[in-house]
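Visitor: Each chain, letter by letter, is given below.
There are 2 protein chains.
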Amino acid sequence: MARTSGSHSEITGPRILEAALKLFAESGYAAVSMRKIASEVGVQVGALYNYTPDKQSLLFGLMRDHMEKLVAAWDQETRPDTPMARLEHFARFHVGYHHVRRDAVFIAYMELRNLTPENFAVIEGLRSTYEGKLEDILEEGARNGSFSVPDAKIASMALIAMLTGVNTWFRETGRLPLEEVQDIYWEMTRKAVTA
Amino acid sequence: MARTSGSHSEITGPRILEAALKLFAESGYAAVSMRKIASEVGVQVGALYNYTPDKQSLLFGLMRDHMEKLVAAWDQETRPDTPMARLEHFARFHVGYHHVRRDAVFIAYMELRNLTPENFAVIEGLRSTYEGKLEDILEEGARNGSFSVPDAKIASMALIAMLTGVNTWFRETGRLPLEEVQDIYWEMTRKAVTA
Chain Y
1 MARTSGSHSE ITGPRILEAA LKLFAESGYA AVSMRKIASE VGVQVGALYN YTPDKQSLLF
61 GLMRDHMEKL VAAWDQETRP DTPMARLEHF ARFHVGYHHV RRDAVFIAYM ELRNLTPENF
121 AVIEGLRSTY EGKLEDILEE GARNGSFSVP DAKIASMALI AMLTGVNTWF RETGRLPLEE
181 VQDIYWEMTR KAVTA
Chain H
1 MARTSGSHSE ITGPRILEAA LKLFAESGYA AVSMRKIASE VGVQVGALYN YTPDKQSLLF
61 GLMRDHMEKL VAAWDQETRP DTPMARLEHF ARFHVGYHHV RRDAVFIAYM ELRNLTPENF
121 AVIEGLRSTY EGKLEDILEE GARNGSFSVP DAKIASMALI AMLTGVNTWF RETGRLPLEE
181 VQDIYWEMTR KAVTA
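As given, the protein sequences belong to chains Y and H, one line each in that order.
Residue numbers for the first sequence follow UniProt numbering, beginning at 1 and rising by one.
Residue numbers for the second sequence follow UniProt numbering, beginning at 1 and rising by one.
To be clear, the hints were calculated from the coordinates, so they are not data collected in a lab.
Heads up, some of the hints might be wrong.
Unchecked claim - In silico BS3-like cross-links for lysine-lysine, where the CA-CA straight-line distance does not exceed 27 Å:
| hint | chain 1 | residue 1 | chain 2 | residue 2 |
| --- | --- | --- | --- | --- |
| 1 | Y | LYS36 | H | LYS36 |
| 2 | H | LYS153 | Y | LYS191 |
| 3 | H | LYS191 | Y | LYS191 |
| 4 | H | LYS22 | Y | LYS36 |
| 5 | H | LYS36 | Y | LYS22 |
| 6 | Y | LYS133 | H | LYS191 |
| 7 | Y | LYS55 | H | LYS36 |
| 8 | Y | LYS22 | H | LYS55 |
| 9 | Y | LYS22 | H | LYS22 |
| 10 | H | LYS133 | Y | LYS191 |
Whole structure, please, built from the sequences with the hints as guidance.
Guide: Quick look at the structure:
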């Protein structure tokens, strides 16, 4: 039965976000109506508008939430002493964090095109913040002689693209466990930025 | 004025593909109707069905065309003597070829989800063919001692993700010319697979 009561909003909120994420990832933002999201949750469309002003806010909320949690998760990780150890930690963290959030990662890249300019600027800012964490590690390592990186900004974007790419092919049921995949990607990451 | 005459099919075909590519890239496959594509081209929707049986065929045609041309373009490139020189050629070719086809590359990754299983298998096959070209180079180089690659298949996917990532940020109007970007990515590619 459809639930429309405001008293369910604390339960409904996460379910709305979960449904929106699933549907946006399946069909793309532009093809998914508020009515479709409501139907997926099992509420009336009016209940959705109690929770969110519009579909753009849902998309923006999902993307901002993903990026903010990513940055916060990295900030909460222990910080090894050397740039080399920090880079290893980053490479393994990035692969591990992203591969269990495939829909959110997919949306965060694919639906940038559908954000309003103001919302796009916020998401781009969060992405820069995260990329900046890697850039800082590369610059510290370049200064102390651990790394050889002509352009830390470009190197950080290149490495993040490589590491995120694991999501396009890695499956838990595949021939390699995640730890081995992390070993291989860390080795390539390390070599790519050392002399 | 809308053109519906069959005699225009040779002119209309490329324009339909161009319009479909643009609209799919902007809004996503699921959000774009045949009517919308017809309107973008300036023909009646019936004229579209003279050219293609359905929207799935349009999407598949675009993706297959992109992948087949990519493989053919690489096969037509000169083939340097050594695995190291071939890898350099591949890295520079990949970045150069992809950055001028951003919509097609975007679609080729994003809309895999919207292909029928049969069509998906064809596109995956073409992608494997292309990735196999790089894998072969890495394996040859590993055999003759030029490269140190524990898993050529994974290394080829990792490098292709890194190189394709240029599309997410590189713009002709940016701070670096393409040649310098190719230099940086080639350097990282080379180091990632050497000892």
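Visitor: Does each hint fit the structure? Answer for all of them.
Guide: Verification of the supplied hints:
1. For the hint pairing LYS36 of chain Y with LYS36 of chain H, the CA-to-CA distance comes to about 21 Å; that is within 27 Å, so the pair holds.
2. For the proposed pair LYS153 of chain H and LYS191 of chain Y, the alpha carbon gap of about 18 Å is at most 27 Å, so the pair holds.
3. For the proposed pair LYS191 of chain H and LYS191 of chain Y, the alpha carbon gap of about 6 Å is at most 27 Å, so the pair holds.
4. At most 27 Å may separate the alpha-carbon atoms for a hinted pair to count; LYS22 of chain H and LYS36 of chain Y meet this at roughly 26 Å.
5. The hinted pair formed by LYS36 of chain H and LYS22 of chain Y meets the criterion: a straight-line CA distance of about 26 Å does not exceed 27 Å.
6. Of the pairs offered as hints, the one joining LYS133 of chain Y and LYS191 of chain H holds, with about 22 Å between alpha carbons and a cut-off of 27 Å not exceeded.
7. Among the hinted pairs, LYS55 of chain Y with LYS36 of chain H is consistent with the structure: their alpha-carbon atoms are about 22 Å apart, no more than 27 Å.
8. Of the supplied pair hints, the one linking LYS22 of chain Y and LYS55 of chain H holds, its CA atoms being roughly 23 Å apart against a limit of 27 Å.
9. Simply put, LYS22 of chain Y and LYS22 of chain H have alpha-carbon atoms about 25 Å apart, close enough for the 27 Å limit, and the pair holds.
10. This hinted pair checks out: LYS133 of chain H and LYS191 of chain Y have alpha carbons roughly 22 Å apart, not beyond 27 Å.
Figure legend: structure checked against the earlier numbered hints; every hint is met.
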